[in-house]
Amino acid sequence: MATRPVTGEQRAFMTGNEVVAWAALAAGADIMYGYPITPQNEIMHYWTRMAPKYERGFLQTEDEISAGFATVGGVLAGKRAFTATAGPGNVLMQEAMAMAEMMRLPTVVVVTQRGGPSTATVIYSQQELNLTCFGGNGEGLRIVYSPSSHDELFLYTIKAFNSAWKYRFPTFVLGDGYQSKMREPVTIFDPEARGITMEPCHPMVGLPGLPGEERDPAHLRNTYNLEDELYEVLMTAIKEYEAIAPQVVEWDTYAVDDAELLIIAHGVVSRAARAAVVSLRERGFKAGYFRPVTLKPFLAETLRPLAARARNLLVVESAYGQLKRQVQAGLYGLETPVTGYLRPGMGITPEEIVEFVHAKELI
Amino acid sequence: MRPLKLKLEAMGIKVLGWETRQVTGWGEAGTVLHPAVRWALHQEGDVIIDAGYGTAGAGTLHLLEGAGTASDLRVLAVINTARPATATVEDIIVHVRSLGRVDGLLNNTHLGEETTVDLIQAGARKVTAAARELNLPVVATAVMFELASFIGERDICGNPVRAIKRYMPMAFW
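Top line first, the protein sequences correspond to chains F and S. For the first sequence, this note's numbering begins at 1 and goes up steadily by one. For the second sequence, this note's numbering begins at 1 and goes up steadily by one.
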């Protein structure tokens, strides 16, 4: 029998892509379907290097369309399956993820954001928020986690499998190229060591017994004949999605109680945002920081009272308003002005944020 | 290395490789091997080659002219026992044996900003045990400058200590 890849808890030093591979192993992922694209390639490389030792599988497909659909097939067969992609690959996977959304399939996709649109850069951005949260021709019934550290990358990769299989919505871990490539200390752990029980996986096809006689037909569908049928199916899913949202949403705050300026950022940019808040506070400015960890469901109701108390909101992102639009849509009706420090495809430092805050007299 | 090229050259170190501005417009990754890198082993003086990253790291040595025949070439496997894939003596042995030619080991055990003396010394023990099994020397233990004085000239296994100043954090973006 294969040994457990991680026992107890261990402190380690590795890149974000390695972290994802180890997290998937620790989560008991059965198989990865992959297609190369920078900057996620090392997720595949490390997975394929370690998979044989732990009796896990891997299939490289001919493209991301196939990788996405192979992941759909894997979960239909009851495998704890995942894939990873970025940029144009993420675009290609949307058809498969729309199918997963329609059929309520527990797919897990790790996205390592790169510059966009199209091929753009292989490096970094936060420009795939729209695509990951709302891609496909559906209503965006997805769970999207945005980690900001390697510790979170490890934790939320494990959680993604559990959220997917528990709630049956396609689930995404939205990382980025900087996190993928940078090295930092991380605590890797066996989920059981932290009291995390992995959700069981069950096949949805090839079930025993005669359908209609010995069991209900599986009747897996992604297509419907009439508007009414589709409406009924969708509304059931939407109601379930709204009902689970309070259990799924996660966020982080710092110094918000008396914040006159609330800085909102997600993922790796939130590190700079938090550092900027610390810097501003040291100089007597009442700044606070809010970080959505889940981008979908979006936690507008959590953010609203904090935003209402502030005099200004500043959204900081390495995109041109993808998070800002989410914030504004979620806070519609609130009069607190929303400003954006928007740097598509560019890294953001705390110093830049502080300079911008003062230049725009936000505090 | 590209972001640090100019800084290192100002310190008198010749850096073989592209400057970032030279590869602008080359396409997705701009990965054309610099001719000086390809012929690095034919350079006069000491040449330090940093080969590695990802799972195919050591394999890139084949790109250098003369890598298979250069008599002065020494290939050192740099081991960080804080990485799970090389966390145990057995893992280190398997890893080193997968690299092809290796002439020595270098203990580079660290956890970045969280590195402690105990961690480095524990790494030294593992690397030295693996080296004994592999019949390879441990060339040195690398210790960040701030901790070097706490260890001294030799680590707990008697390997020479090399104090290192870290420049890579400046290359983040």
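Any given hint could turn out to be false.
To be verified - Computed cross-link-like contacts, SDA-like style, restricted to lysine to any residue with a CA-CA straight-line distance of at most 20 Å:
#, chain 1, residue 1, chain 2, residue 2
1, F, K181, S, E90
2, S, K165, S, V78
3, F, K181, F, G345
4, F, K181, F, K79
5, F, K181, S, K14
6, F, K181, S, L64
7, F, K53, S, T88
8, S, K14, S, L64
9, F, K181, S, T20
10, F, K360, F, E232
11, F, K181, S, T88
12, F, K53, S, E90
13, S, K165, F, G345
14, F, K79, F, M198
15, F, K79, F, Q60
Source of the hints: derived by calculation from the structure; they are not laboratory data. As the structure is a computational prediction, the values presented were derived from the model and not from experiment.
Here is what the structure says about each hint:
Taken as a hint, the F/K181 and S/E90 pair is broken in the structure, with Cα atoms around 27 Å apart against an allowance of 20 Å. A distance of roughly 16 Å separates the Cα atoms of S/K165 and S/V78; the hinted pair therefore holds under the 20 Å criterion. Using a Cα cut-off of 20 Å, the hinted pair F/K181 and F/G345 holds, with the two alpha carbons roughly 15 Å apart. Our distance criterion of 20 Å between C-alpha atoms is broken by F/K181 and F/K79, whose separation comes to about 28 Å.
The suggested pairing of F/K181 with S/K14 is violated, with an alpha-carbon distance near 26 Å, which exceeds 20 Å. Taken as a hint, the F/K181 and S/L64 pair is broken in the structure, with Cα atoms around 25 Å apart against an allowance of 20 Å. With a CA separation close to 15 Å, the supplied pair F/K53 and S/T88 stays within the 20 Å bound. Only pairs whose Cα atoms come within 20 Å are accepted, and S/K14 paired with S/L64 is accepted, the gap being roughly 17 Å.
Simply put, F/K181 and S/T20 have alpha-carbon atoms about 18 Å apart, close enough for the 20 Å limit, and the pair holds. Between F/K360 and F/E232 the alpha-carbon distance is near 48 Å, which puts this suggested pair outside the 20 Å criterion. Between F/K181 and S/T88 the CA atoms are separated by roughly 24 Å; this puts the pair beyond 20 Å, and the hint is violated. This hinted pair checks out: F/K53 and S/E90 have alpha carbons roughly 14 Å apart, not beyond 20 Å.
Between S/K165 and F/G345, the direct Cα distance comes to roughly 30 Å. Violation of the 20 Å bound is thereby established for this hinted pair. Of the supplied pair hints, the one linking F/K79 and F/M198 holds, its CA atoms being roughly 13 Å apart against a limit of 20 Å. A distance of roughly 16 Å separates the Cα atoms of F/K79 and F/Q60; the hinted pair therefore holds under the 20 Å criterion.
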